[in-house]
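**Q** Based on the hints, put chain B in the right spot on chain A.
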Amino acid sequence: MNLENAVPMNVAAVKEMLYKIADDQLILGHRNSEWTGMGPLLEEDIAFSSMAQDKIGQSLAIYTMLEKLGEPPPDTAAFIRKANGFRNCIFVELPNGEYDFSLIRHFMYDTALALRFDMLTRCSFQPLAELSVKIRGELKYHTLHANTWIKQLGSATEESISRLQSSLEYALPYALGMFEISPFENELAAEGIFQGEKILQERWQQKTEEIIKQTQLNLPAWNTVEAVTGGRAGNHSEYLQPLLDEMSEVFRIDPSAEW
Amino acid sequence: MNSIDPRVNRLPKVGQPGVIKPKAPLDQFGTFEVFVQPREGKPFQHEGIVHAPNLEMAWVLAKEAFTRRFTCTSLYVADTRNIFVSPMTEGNQNAYDLIPEVADKEGMQESYEIYHLAKRGKQHVHAGTVHASGHHDAMATARKEFKGKLVLNVWSLRTGDIRFTTPDEKDLWQTLPEKKFRDASEYKGGDRLKELIERLNPS
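For the protein sequence lines, the chains are A and B, in the order given.
Going by my numbering, the first sequence opens with residue 58, and the numbers climb by one from there.
Going by my numbering, the second sequence opens with residue 23, and the numbers climb by one from there.
Since the hints were made in silico from the structure, they are not lab data.
Treat the hints with caution; some may be incorrect.
[Stated by the list, open to error] Lysine-lysine pairs mimicking BS3-like chemistry, simulated, CA-CA at most 30 Å apart:
1. B:Lys192 to B:Lys64
2. A:Lys191 to B:Lys144
3. A:Lys191 to B:Lys201
4. B:Lys192 to A:Lys270
5. B:Lys210 to A:Lys125
Just so we're clear, the structure is a prediction, and the values are computed from it rather than from any experiment.
So that you can see chain A by itself, here it is in the shape it has in the complex:
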């Protein structure tokens, strides 16, 4: 089989799934890069910036895959679409705020992403399965970094614990929005592409509990948290468009420029 030109059976379903993953990665990669030069300590600044760069690199790989499926090229996908054309969850577009929120988001988001790509390594669409193996390796560091910080700061001082606790409570409803049900759930599952957001969410909750249990932080009962959804359908918060404007500012000066 020639993987270069491989096409999945249900192209529309796969495209929808790829856009939401790539958009999540691009937007959070951009958000996290806003910490560059302002991180709480030099080493953390480097690590966080480096992971932000990984995210943008991974989004590029997925936009490139979308291009092979007939979608516009990566630069167009990233810089030309309006906010309502983006399929990212609202969670990733929220402003950074203080570092405690960025760390909690990093922990919750990358835990989910690592599990998602682990599931996608068994995807029936071969090019995506292969890309997922590669991305899973990079994400291993991202989750290790997040887990180590959460375990450290989640049991360190009164201030660190209370800051993380309030960020965690603020973040949870948005975090659940990562698992917004897709209109293609059944098709994706039936064709062996992706087992579904429900299964992913269950695994994520389990993994999140496992790490939080090792700290002095508390998770509320899951059924008391209501997911903030809408992002996957293009309904975003007021924070996305300003981010897009800033991200595409240089590109828009001369879209035909060669970089």
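**A** Just chain B, lined up with the frame of chain A:
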């Protein structure tokens, strides 16, 4: 003043008149030494330090601080305070000549890692492992083992004090060779710059 920029919040606050108090110690993390193996089969070498709250965090931060470019197969870290340093020498004087030949053998035998500095300004490179009852004994044992080798400085580090990379973590560097965009050498603007200058200044 409240700001999302942490630097603004770190600015010293205006104090109360008449208040004199002892200087507060710096609120910062301790240091950890980072050793990197650039290629399979090559010895580990000292790359630098990271600040971190503990050994595990030091390993995590060292990974991006020191191995986000070029190639790497493994790294390890140890608390700076766990590294023992011989006298430094220069020229043709061997640091091993300044280490006592025999040391107290009392205590449990454990394994120690030995590092050599071959040249001023270079890095300490892993030379081998010895069994000894303490740092002094480790240096004395290394003196016998590496006799005749000119080194300017020797470090010893108890193997048990090291946070190693586990075999399971080795794939963290798998995609590193593809991240050429992190090297300045990947950006060759010279020709295009020359072209631009020529275009702007036609002679």
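**Q** Looking back at the hints listed earlier, which ones does the structure fail to meet?
**A** 2
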